[in-house]
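Protein chains in written order, with the working numbering: chain A, 1 to 267; chain F, 268 to 513.
To be clear, the hints were calculated from the coordinates, so they are not data collected in a lab.
Predicted model only: the values in this text are computed from it and were never measured.
Don't take every hint at face value.
As the list claims (entries may be wrong) - Computed far set for chain A versus chain F, every beta-carbon distance over 10 angstroms:
| no. | residue |
| --- | --- |
| 1 | A12 |
| 2 | L20 |
| 3 | L26 |
| 4 | I35 |
| 5 | A58 |
| 6 | D85 |
| 7 | I99 |
| 8 | W113 |
| 9 | W152 |
| 10 | D164 |
| 11 | Y179 |
| 12 | W204 |
| 13 | L259 |
What the hints assert, rightly or not - Here's a subset of chain F near chain A, in silico, CB distances under 7 angstroms, partners left out:
| no. | residue |
| --- | --- |
| 14 | A305 |
| 15 | T381 |
| 16 | D387 |
The beta carbon of each residue, even a glycine, is placed where N, CA and C say it ideally should be.
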Amino acid sequence: MNKPEAVYRHSAVTRLTHWLFFIAFLALISSGLQIFNAAPYLDASDKSSPSHRVLSIASPQDGTGAVWLFGRVFSTTGWLGWADDGAGGKTARAFPGWITIPAYQDLAAGRRWHFFFAWIMIACGLVYVVWGTAGRSLRELILRPADVPKIWRMQLYYLRLRKDPPPHGAYNPLQKLAYTLVIFIFTPLIVLTGFALSPGVDAWAPWLPAIFGGRQFARLWHFAFMLALIGFFLIHITLVALTGVFNNLRSMITGRYRLGAHDGTGI
Amino acid sequence: MKRRLFLATSISAALAGCSAIGTKLNDNRAFHSVLESAEELNERVIGARGMARLYAARDISQNFPIDSLDTPSDNEYASLRGSGFRSYRLPVVGAVALPSSFSLAQLCAMPLQTQITRHDCVEGWSAVAQWSGVRVADVLAIVQPRSDARFVVFHSFDSDSNGMPYYESLSLAQATHPQTLLVLRQNGAPVHVDRGAPVRLTVPLQLGYKSAKWIRRIEVVPSFGRLYGGKGGYWEDQGYEWFAGI
């Protein structure tokens, strides 16, 4: 048997920014949920407005937790609304302590974490995009008009409703769609909606909260883009696992990827 | 199915691990001071430029949340309140050429500015109100800060349940921003005792905790390091950023 051929797939800059971005991503989610807990509701409006409330997490009475989503109520006792207080007990609290940084309720600390890692995320994103554009490694990742008709065919292939994938380059059309959304839509928009929450930024860029429908609406979008990024992350790690977890991890750590059955089809 | 269960379990475990490690690191002083370094970048990028959006009367929030410590239990405050604040005087002291003291009538005789702006709380909510008052810049122009003056400290009558007094500070640039007001009237009526009567601050370019209420004294200082916790404000001493522009 021939030893499978190994290729150098990811540059040092790609690998470094990938893992730093990942750490920042986890820290931003955990500290963001900590911050959310201080005002556990989201309004589709500029100023806070209960009549524009889209989501609310609360404890209607001691011992119970509930989520209101578009006017519908879901009982979430033990998970959301009435949840882990970060010290072994349960308390009235939107997101539980085991998912927040720090585990106990501390808005000031959550904000410190959030801003520090927000700058890390922004720096990683800028370095990655500038490097990728200069070195042309981003080229093969960006979705082009010609890829659009192939997206559905690729999805059918993944669903095993088509025998062969449509012809594609190093990355298939679905991968390109996912990466293009994350790199050029979700991440820039989660950063912009974050800045829109700043009263200082709003004073010199009043158009920023305006394009998102106002400050509270920007807070709602900020949360929604977090959900979108989490959705990407879940699909990403599922496909990393399904297409050879060790080979994929090695390629993102040492840069070397062993070509095989999955080359070019895993996200 | 096994694979899915494995995935769900490992993600939950990873998040819980993340929270546990994060909490440990958070309680580490050296690590926490690294996190705090982001504040300087926030201040450099955001600054105190531009003007807060002005709203229309119809935008005023019907229910402006009260998010404060209790109405001051201070004896001096209680007696001032009992006399309808007739004997209230606002001293402006410290690193200034002409230390002065202003009665409410004197403040009301100064040019009053009325603005409808959005108040953004650090917790995440926003409310719109109409604020009428005197520009801090106008008051400082009277007392004339000395050349070593850098910060303006607003001391409050209020204190927390441990007796720790409430205070906040602004840089000279933030204090002299044309929308930074010593508020005398909110939504057309004198400021309510629950909302900072007789004189409170509004700083629309920063989060609400900077807008000190129940102001007892204004002090211009070269540095706030020797005041209380040394971080420049009651909330800053609790770990919140001194630069509250985000």
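Do the hints match the structure? See the list:
No Cβ of chain F comes within 10 angstroms of the Cβ of A/A12; the nearest lies about 24 angstroms off, and the non-interface call holds. Separation of A/L20 from chain F is adequate, the least Cβ-Cβ distance of about 15 angstroms exceeding the 10 angstroms criterion. Annotated as non-interface, A/L26 brings its C-beta within 10 angstroms of a C-beta of chain F; the closest such distance is 5 angstroms. The claim that A/I35 lies off the interface is violated: its Cβ sits roughly 7 angstroms from the closest Cβ of chain F, which falls inside the 10 angstroms cut-off.
Distance check on A/A58: its Cβ is at least 14 angstroms (rounded) from any Cβ of chain F, clearing the 10 angstroms threshold; non-interface status holds. Non-interface status of A/D85 relative to chain F is upheld: no Cβ of that chain comes within 10 angstroms, the nearest being about 12 angstroms off. The non-interface label for A/I99 is inconsistent with chain F: the shortest C-beta to C-beta separation is roughly 5 angstroms, within 10 angstroms. With a minimum CB-CB distance of about 6 angstroms to chain F, A/W113 fails to clear the 10 angstroms threshold, and the non-interface call is violated.
Non-interface status of A/W152 relative to chain F is upheld: no Cβ of that chain comes within 10 angstroms, the nearest being about 25 angstroms off. The Cβ of A/D164 lies farther than 10 angstroms from every Cβ of chain F, with a closest approach of about 25 angstroms, so its non-interface assignment holds. For A/Y179, the condition that its CB be more than 10 angstroms from all CB atoms of chain F holds, with the nearest at approximately 21 angstroms. With a cut of 10 angstroms on Cβ distances, A/W204 falls inside the contact zone with chain F, its closest approach being about 3 angstroms.
With a least CB separation of 25 angstroms from chain F, A/L259 remains clear of the 10 angstroms interface cut-off, as annotated. At its closest, the beta carbon of F/A305 sits 4 angstroms from a beta carbon of chain A; the interface hint therefore holds under the 7 angstroms criterion. Hint status for F/T381 relative to chain A: violated, with the closest Cβ pair at about 18 angstroms, above 7 angstroms. Taking 7 angstroms as the C-beta contact cut-off toward chain A, the hint placing F/D387 at the interface holds, the least distance being around 5 angstroms.
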